[in-house]
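Residue numbers (my numbering), protein chains in the order written: chain A, 1 to 625; chain B, 1 to 625.
In case anyone wonders, no lab produced these hints; they're calculated from the structure.
Among these hints, one or two may not hold up.
For identical chains, the list gives no copy identity; a pair is met inside one copy or between any two copies.
Derived pair list, reagent style BS3-like, types lysine-lysine, alpha-carbon separation capped at 30 Å [stated by the list, open to error]:
#, residue 1, residue 2
1, 553, 599
2, 590, 472
3, 291, 94
4, 481, 590
5, 447, 590
6, 157, 44
7, 553, 600
8, 157, 203
9, 590, 562
2 protein chains.
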Amino acid sequence: MAAQSFAPFRKLHPLPLTSVRIDDPFWSPRLKINREVTIPYVLKKIRETGRLANFLKAAGKMQGEFQGIFFDDSDVHKWLEGAAYSIATHPDTKLEADVDEAAAAIASAQQPDGYLNCYFTIGQQDKRWSNLRYMHELYCAGHFIEAAVAHHQATGKTILLDAARQLADCIGGVFGPGKRRGACGHEEIELALVKLYRATGEKRYLELSQFFIDVRGTEPNFFLAEITDPNEKFDVSTMQAHKPVREQAEVVGHAVRAMYLYSGMTDLYAETGDKTLLDTLEKLWASMAFKRMYITGGLGSTARHEGFTSDYDLPNDAYAETCAAIASVLWNHRMLMLGGEARFADLMELALYNGVIAGVSLAGDTFFYQNPLRSRGGYSRVPWFDCACCPSNVVRLLASLGSYIYSMSDAALWVHLYVGGAAAAAVGGKQVTLTQKTDYPLSGDVKLVVNTASLAEFSLNLRIPGWCGKHKISVNRRPAKATRENGYACIRRTWSDGDTINLSLQMDAMRVEANPHVEADFGKVAIQRGPIIYCLEEADNGRELFAVTLPRKSELKAVHRKGLLGGVKVVEAMADLPDASSWGGNLYRKARGKAGLKKKIIAVPYCCWANRGAGEMVVWVNSGR
Amino acid sequence: MAAQSFAPFRKLHPLPLTSVRIDDPFWSPRLKINREVTIPYVLKKIRETGRLANFLKAAGKMQGEFQGIFFDDSDVHKWLEGAAYSIATHPDTKLEADVDEAAAAIASAQQPDGYLNCYFTIGQQDKRWSNLRYMHELYCAGHFIEAAVAHHQATGKTILLDAARQLADCIGGVFGPGKRRGACGHEEIELALVKLYRATGEKRYLELSQFFIDVRGTEPNFFLAEITDPNEKFDVSTMQAHKPVREQAEVVGHAVRAMYLYSGMTDLYAETGDKTLLDTLEKLWASMAFKRMYITGGLGSTARHEGFTSDYDLPNDAYAETCAAIASVLWNHRMLMLGGEARFADLMELALYNGVIAGVSLAGDTFFYQNPLRSRGGYSRVPWFDCACCPSNVVRLLASLGSYIYSMSDAALWVHLYVGGAAAAAVGGKQVTLTQKTDYPLSGDVKLVVNTASLAEFSLNLRIPGWCGKHKISVNRRPAKATRENGYACIRRTWSDGDTINLSLQMDAMRVEANPHVEADFGKVAIQRGPIIYCLEEADNGRELFAVTLPRKSELKAVHRKGLLGGVKVVEAMADLPDASSWGGNLYRKARGKAGLKKKIIAVPYCCWANRGAGEMVVWVNSGR
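Next comes chain A alone, as it looks inside the complex:
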């Protein structure tokens, strides 16, 4: 296995995307929409907005100014990366032609010295690398490298991978030990260079990644040194450059930047085993998971710097950029690979089923940038953004979903996510196929079948989600002997062809409460069932949802609604509503005993909200005492 020659400090390795098939009632419709609607739609917008034409202009094949924002190249790269994943799993000659056209355009814009960036190439050549803190050159380069690797893996073509090497070498000619001290104001190049190292075997790309990670936040601060206007206010913590990365213990600044940096650091650890990185990553993860994360997996409490603020500051008018939830999946998956600890898979799942897919409409052609946990109405997904990072990020994440479901390690096959389909892997020296059948998260019942040509001894490690109170596992209808390791039920045995595992995860609708230090959620509960976080919407429950109170003893009833929002389990309960009619129009009065109204409320999955108009919504509901 090629993958195993890299990342020696990973215990787990993901399966190649092409080794995984998805056939799942929850995900397949979404992935179909991603392929059939979102991928073509984003390409259309990329063309309409001049993002693709910028490459032709940079190549001198078209006249005109650069159009759009200076980092718009990255949207093309991210779309191309996603489209490449899609081609890999669902060959499509039309899409491949579009990909090749885009690839050719991009490649044609590369300069003789390997440099590739439309904004600077079109008339700003002399400004290259002059403003690392804002101008995203290395960020765009990173997304190009990721796209190039995906394109190569999907098509076998080398046009982009070759260009990526040249670009990386161009960068390596400028930055590095003994050369210029610098890094990007928006991290991304770090993880991309490790990908390029793994795709090419060229150690210098790994070393360049290490350089960018190590130099970040060191003195003298090169971001601050760039500033010539004494009035420019600049907070380097926005880009995690307030101190050397190994001295950072709190997630700060721009959330997407942070997640990309930590992903790169995790990749670097996987290659180098540098324990100081791992210690730092554990501290950062704890800071995020225990102090600065929304219950939807969303990240970022403020629009100010699109990022983190302070511990427990989680206002429900959250920023929670779609890209940040996606980036959390990327980081948590990388952390998961290190040691196979389910806590990382839990957050990956939480973000996937909630914060990430809330970012795109069920129809696949409108998008959220911010994903608040409440709305007083009037907030809805839109067809596009000037800063359009999120749509193409959704595209590439969904198209690569297969890589997040399974892993393998020495003599173990791991199931992290319960998604119907199948995986093929060589494990314990044998070629094995694992078929998964489930309607998760409608229920917690999962059936797994092992197919193997000959007896195969390995451990099948099934994640027991953190939200799950009780579970049962049988093998061939008999209770399974499983050990519990880091949140995984590990069934070590010699498997025969056709062995069938039944996993049953108790999946009751439950109330979740937030740590009492969280002001925004104090006295409130959220409804969760399995990995799904629920919300109340105006469409089902009327307005002034802030005034709904869910008595503590009110039963939560999960009801399947086939026709609703593509088929979901709603959660119904009896709730208390205030009786405004008793007020006679007054604004304040001596408090009375509560004699409110009773009303059935209906909660729907948060990931499906705002698909029925821009009404009110709340995730956190007042808790009766």
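Model the placement of chain B on the given structure of chain A, informed by the hints.
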């Protein structure tokens, strides 16, 4: 009585300030601080910041540019108005000398044509009246007129009153029917001109006030017509000019502007009896009192335009400018004078005892501009503001407190506020003195003694506050025969010298709730005792006050604390606090039964908050169910 020849549509008339004496444990210390600390302190700041020097520059007696903000004249005028009230009640030769010096400086800056405004006179003469929407010329003129009238009444000197006539005539030469259509972006001139009319008997000042009120919001909109820059965004509702005033039914825009306008309209109604004005005022008052007012009497939900937003939008990070609460006292007092309805006195009292005096420290030398109903800490009064409207407004309101306590009408003497001291009035054809003895609001017990040289038949009308559940009244220790009229207990009898009335207002600490449409206060209660709104402060209760829950059955105990904050009744209760120790650092968990901690909480009067450091504070506390 001079006053009665004016305002024929007022049923009630205030007593002259000099007919009222205050000797009251709650107010006397505050008024002493106002006289001895705040008045000299504000003068010192007015001098230090060049506000007074601007007049000498405008007079050509000093060289230099205008210093400060274009409306800074008004701070001098407001200080002078307040100082004049102070001289009237507490003669003080030192202060009178300061007042005369300021008066001379101001008068010297008046131009030959009567114009008076330092900003425009110093080098902007050609720009006079060119930017009514922003530049506050008529606003400054209005404050000057108020100061001039107060100065004349206090000292008998005519220097400023003469100047005020000349200024008003200068304005009347520019604006009016057949002249220029226009009014001020910040209302104030309207009420000032009615004051000048009452002080001089010159009807043209009343007519000019009427013009400014009538022309406001009519088409074509003269504020919009001033705009030459097509990019200037301008919302005329900020200055209540979005429609003619008689078509306005909701309080909108900048809160101080709104209150000053409505005060002017009320004055105009009092003179003209124009029923369309009264109808409008009733609608506006209902909009404020029933939909857009904080429980502290504060006004203004947003810093954006320092004003009103939408119905029930009352976030506890309130703007609630000190000046707006003061202006609410001004307007409610004027409404009260029309018909003697206690609902207006209730709001006047509410603002006075809470939103107004919270604006100044107990020491008298630091000030709040904004008066939020909660703080997470770090917010404290400051020594001064660039835009320093509030300190001088506090000065003039406190110095004139005597005018708000009593009124008289045909054969009735009214007591609106329970403030120890005495009032002298001619009522029922006799000269009567009413002495008031009370420790209100420490208790609700008030003793009133009538002194009259001969038998006097009149009605003594005592306000029964809206917050009061039960009350008792005796005359000479026997239950009094009183009729209830518009919230007043009216005791009509022939009074003999020494007749003693005992009023006992039940004053229990109680919980108040907000209309359930108010999101910010949903599920919460405020503590009120008498007119005093309470809050929890960090100094007594620690941090994270948002997590305090007051069970519905927890007894509220009022306890006198002599040494605290100048001597207050605190309210004590047992409350629930979350037990964060049971969380093991997690951010979310399956909700458990509440097993919180019990803790005694101590609530203090809101008006005294932030006198012990810039700690946390909440007015609204979670209500247990």
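A quick look at each hint next to the structure:
no.	hint	verdict
1	553 - 599	both (15 Å within a copy, 26 Å between copies)
2	590 - 472	between (53 Å within a copy, 20 Å between copies)
3	291 - 94	neither (46 Å within a copy, 60 Å between copies)
4	481 - 590	between (62 Å within a copy, 28 Å between copies)
5	447 - 590	between (59 Å within a copy, 27 Å between copies)
6	157 - 44	within (24 Å within a copy, 80 Å between copies)
7	553 - 600	both (14 Å within a copy, 28 Å between copies)
8	157 - 203	within (22 Å within a copy, 92 Å between copies)
9	590 - 562	between (46 Å within a copy, 28 Å between copies)
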